[in-house]
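Colleague: Sequence:
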Amino acid sequence: MPPILIKSLKLGFQNFLNNNILTLTLTILFLIIFIYTLYCLASNPRAVFLVDFACFKPPAVCRVPSAAFEEHTALISGAGANPANVDFQMKVLQRSGLGEETCLPPAFLYIPPDTTLQASRAEAEMVIFSAIDSLLEKTGLKPKDIDILIVNCSLFSPTPSLSAMVVNKYKLRSNIKSFNLSGMGCSAGLISVDLARDLLEVHPNSNAVVVSTEIITPNHYGGNVKGMLLANCAFRMGGAAMLLSNRWSERGRAKYRLVHVVRTHMAANDKAYRCLFQEEDYEGKVGISISRDLVAKAGEALKSNITTLGPLVLPLSEKLLVLFTLIATKFFNSKRKPYIPDFKKAFHHFIIHVGGSPIIDGMQKNLQLSDEDVEPPRMTLHRFGNTSSSSLWYQFDYIESKGRMKKGNKVWQLGFGSGFKCVSAIWKCNRSIDTPMDGSWADCIHRYPVKLNQQDKGKGKDGEKVDLWLDGI
1 MPPILIKSLK
11 LGFQNFLNNN
21 ILTLTLTILF
31 LIIFIYTLYC
41 LASNPRAVFL
51 VDFACFKPPA
61 VCRVPSAAFE
71 EHTALISGAG
81 ANPANVDFQM
91 KVLQRSGLGE
101 ETCLPPAFLY
111 IPPDTTLQAS
121 RAEAEMVIFS
131 AIDSLLEKTG
141 LKPKDIDILI
151 VNCSLFSPTP
161 SLSAMVVNKY
171 KLRSNIKSFN
181 LSGMGCSAGL
191 ISVDLARDLL
201 EVHPNSNAVV
211 VSTEIITPNH
221 YGGNVKGMLL
231 ANCAFRMGGA
241 AMLLSNRWSE
251 RGRAKYRLVH
261 VVRTHMAAND
271 KAYRCLFQEE
281 DYEGKVGISI
291 SRDLVAKAGE
301 ALKSNITTLG
311 PLVLPLSEKL
321 LVLFTLIATK
331 FFNSKRKPYI
341 PDFKKAFHHF
351 IIHVGGSPII
361 DGMQKNLQLS
371 DEDVEPPRMT
381 LHRFGNTSSS
391 SLWYQFDYIE
401 SKGRMKKGNK
411 VWQLGFGSGF
421 KCVSAIWKCN
431 RSIDTPMDGS
441 WADCIHRYPV
451 KLNQQDKGKG
461 KDGEKVDLWL
471 DGI
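When we follow the working numbering, the leftmost residue of the sequence shown carries the number 1, and every step to the right adds one.
Just to be clear, a hint being listed does not mean it is correct.
[What the hints assert, rightly or not] The list that follows gives simulated cross-link-like pairs (lysine-lysine, DSS-like), each with its CA atoms no further than 30 Å apart:
hint	residue 1	residue 2
1	K91	K410
2	K337	K406
3	K337	K402
4	K255	K402
5	K138	K169
6	K255	K226
7	K365	K344
8	K144	K303
9	K410	K365
10	K255	K144
11	K337	K255
12	K365	K226
13	K319	K303
14	K255	K91
15	K428	K255
16	K345	K271
Don't read these hints as lab results, they were simulated from the structure.
Just so we're clear, the structure is a prediction, and the values are computed from it rather than from any experiment.
Can you build the whole structure from these sequences, using the hints too?
Modeller: Quick look at the structure:
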């Protein structure tokens with residue numbers, strides 16, 4: 001190549017750089033930012049949003065006030081033969097915190113209760129389909145747009161599964177990813193949320209519907225073991241359906257963003273494993289046995305869970321106080337009690353499993369919560385009873401119905417379940433929530449909170465503490 005041509009090319013390139021240096025610089029910066037953004041999107045988990053949820057509202061015909069419960073219990077074969085069992089169940093019921101509007105499935109209105117497979121399926125269809133119908137109506141979601149389906153029900157697991165029943169009812173797509181969780185206890189709802197989060201993190205642009213319920217029709221216990229009769233007194237029908245999504249198009253209208261899920265499983269401990277146990281009694285009748293170790297093991301599971309959760313959510317000031325207390329105890333032989341972090345500095349709302357008044361009382365004491373903090377679980381227990389895994393969502397609905405959920409609020413959902421398991425889910429509110437005009441609390445929220453008497457709070461007539469669930473076992 002002639003030297004003059006080479007010189008001309010060099011001069012031309014130099015002139016190009018001189019005249020376009022700003023454009024080149026901006027282009028390089030854009031490429032760097034673009035590549036960094038792609039790296040962040042690839043390395044960070046996708047955001048998971050709770051678009052909305054819906055709770056099943058039992059029909060009024062299923063309402064079982066305490067007088068009807070007592071009469072019915074006395075007439076049932078087995079319990080009627082032993083009046084002491086009726087007295088025991090009424091004593092538990094009167095001090096349980098349940099109100100006069102809790103509901104049992106239609107099968108329980110028969111004498112003896114109809115615990116057949118057909119009756120159980122009928123309850124499942126009533127609860128699950130009603131909750132999903134309400135969810136579809138609230139969100140405008142079409143069945144064909146559901147990519148993931150998770151149904152959890154601990155004690156009723158027919159074939160085909162409940163998730164298959166939903167697929168059949170709504171004619172969902174053949175490539176839907178469906179899951180049916182059973183035997184996971186009252187914590188199954190948050191376990192399902194955790195499963196949905198994991199699936200949404202690897203399946204982009206997807207919608208997940210989670211259904212939480214407990215079908216109690218096949219689980220009536222008609223024997224004479226007091227530790228098994230407790231379940232008859234507390235559990236009531238209920239269910240909830242939730243729409244979770246990782247679609248950015250849903251971000252604007254989604255109510256909440258899922259921040260953390262922390263799970264604790266204590267089944268390696270024999271006493272924890274058996275504190276809630278389905279088994280046969282000495283007469284061969286199947287029921288849920290509740291042991292005296294329940295409260296203690298729940299406390300251990302909670303301690304383990306918040307040990308992991310605390311560093312993720314507590315402000316720096318609380319972390320330092322915990323650290324200083326540990327140092328003082330270990331190196332200076334301080335007899336000071338371990339510092340209990342103030343979780344009210346991390347959360348605005350507390351949603352606690354409504355297993356019974358003793359569980360709520362214990363949580364209030366251990367976490368140093370106010371009466372207002374535990375108002376949602378107490379009122380949910382009063383109005384709907386223990387609806388198992390779905391009880392957490394009735395509390396969510398209560399807070400919204402009271403108009404208390406504001407943009408930026410953080411919510412701690414805390415569930416307990418057989419195994420023994422403890423699960424925490426942390427949500428952040430994306431926008432201030434308008435008071436809903438319909439839903440499970442719509443016709444009664446104006447009456448709440450109700451004033452609870454001593455017995456409703458798990459205390460005797462003179463205010464002394466009473467172990468409701470374990471008394472007499």
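Colleague: Out of the numbered hints, which ones does the structure contradict?
Modeller: Structure breaks hints 1, 2, 3, 6, 8, 11, 14 and 16.
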